[in-house]
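Novice: Sequence:
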Amino acid sequence: MAEPSKVIHIRNVGHEITEADLLQLLQPFGSVSKLVMLRGKNQALLQMQDIHSSVSALQYYSAVQPSVRGRHVYMQFSSHQELTTDQSSHSRNSDQESEPNRILLATVHHVLYPITVEILHQVFKAYGYVEKIVKFQKSAGFQALIQYQSRHEAVEALAALHGRNIYDGCCQLDIQYSNLSELQVHFNNERTRDFTNPSLPTEQRPRPSQQGFPDPGGLYPFQQPGVCA
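Just add 634 to wherever you are in the sequence shown, counting from 1, and you've got our numbering.
These are computed hints drawn from the structure, not numbers from a lab.
Worth double-checking, as some hints may not be accurate.
[What the hints assert, rightly or not] Per label pair, the in silico range of CB-to-CB distance:
(1) Ala793 - Thr718: 19 to 29 Å
(2) Gln683 - Glu637: 14 to 24 Å
(3) Arg673 - Thr741: 41 to 51 Å
(4) Pro734 - Glu650: 18 to 28 Å
(5) Ala697 - Ser815: 22 to 32 Å
(6) Ser713 - His755: 34 to 44 Å
(7) Gln783 - Thr836: 37 to 47 Å
(8) Tyr763 - Phe821: 18 to 28 Å
(9) Gln715 - Glu790: 41 to 51 Å
(10) His744 - Asn676: 30 to 40 Å
(11) Gln818 - His755: 10 to 20 Å
(12) Asp802 - Gly704: 42 to 52 Å
(13) Ser713 - Glu733: 36 to 46 Å
(14) Glu790 - Ser815: 43 to 53 Å
Predicted model, so just to flag it, every value in this text is computed and none were measured.
Just so it is clear, CB atoms sit at the ideal spot from N, CA and C, and this is done for glycine as well.
Given these sequences and hints, build the entire structure.
Specialist: In structure tokens, the structure reads:
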């Protein structure tokens, strides 16, 4: 067995499994810094922010069989201690070509203030019932998946919010449709939230909050629905 590493090796990754699918499995345990899809081998390499996060993930999935789109996947520590290859853009390109869907993938550019699950919920709930939110960090920047109750609500939200700023002059939303059919949320915490199931547990170990940001004051332009910069 390989020694503990920030890099997790995932096997049996079928062609139907996307980057976003794998992020859902691992992001409850910490930030994901890099992800490489090895399509020819049906494998993937995923680098967590620190070894503690990867150890927590593998401990959890040693007791719970991870499954993606009905397929069992298998995880172990990689022999690599660090990934040097830029993460694959395959899934991101696939998402851009996706048909309208009730799940949106939002990338936030020029992030100067912390973007919490609560802030995302406040922004997106103006356009429909938000069922679930999953947020994560990638090399492309801060991203989040937002699941609405209906596709119509997601279409309306994308049309209204794409290109807008969460705060005045920063945190611009770049929104596209995800190709996921359902978000899998196991914890209600600062990274994942299932608003349809408030009884879900929080993560056992607390995660540090975002630091190094000034106090943004009030939200702009979403303090009042329909008011945009």
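Novice: Which numbered hints turn out to be false for this structure?
Specialist: Going through the list in order, the structure violates hints 1, 3, 7, 14 and respects the others.
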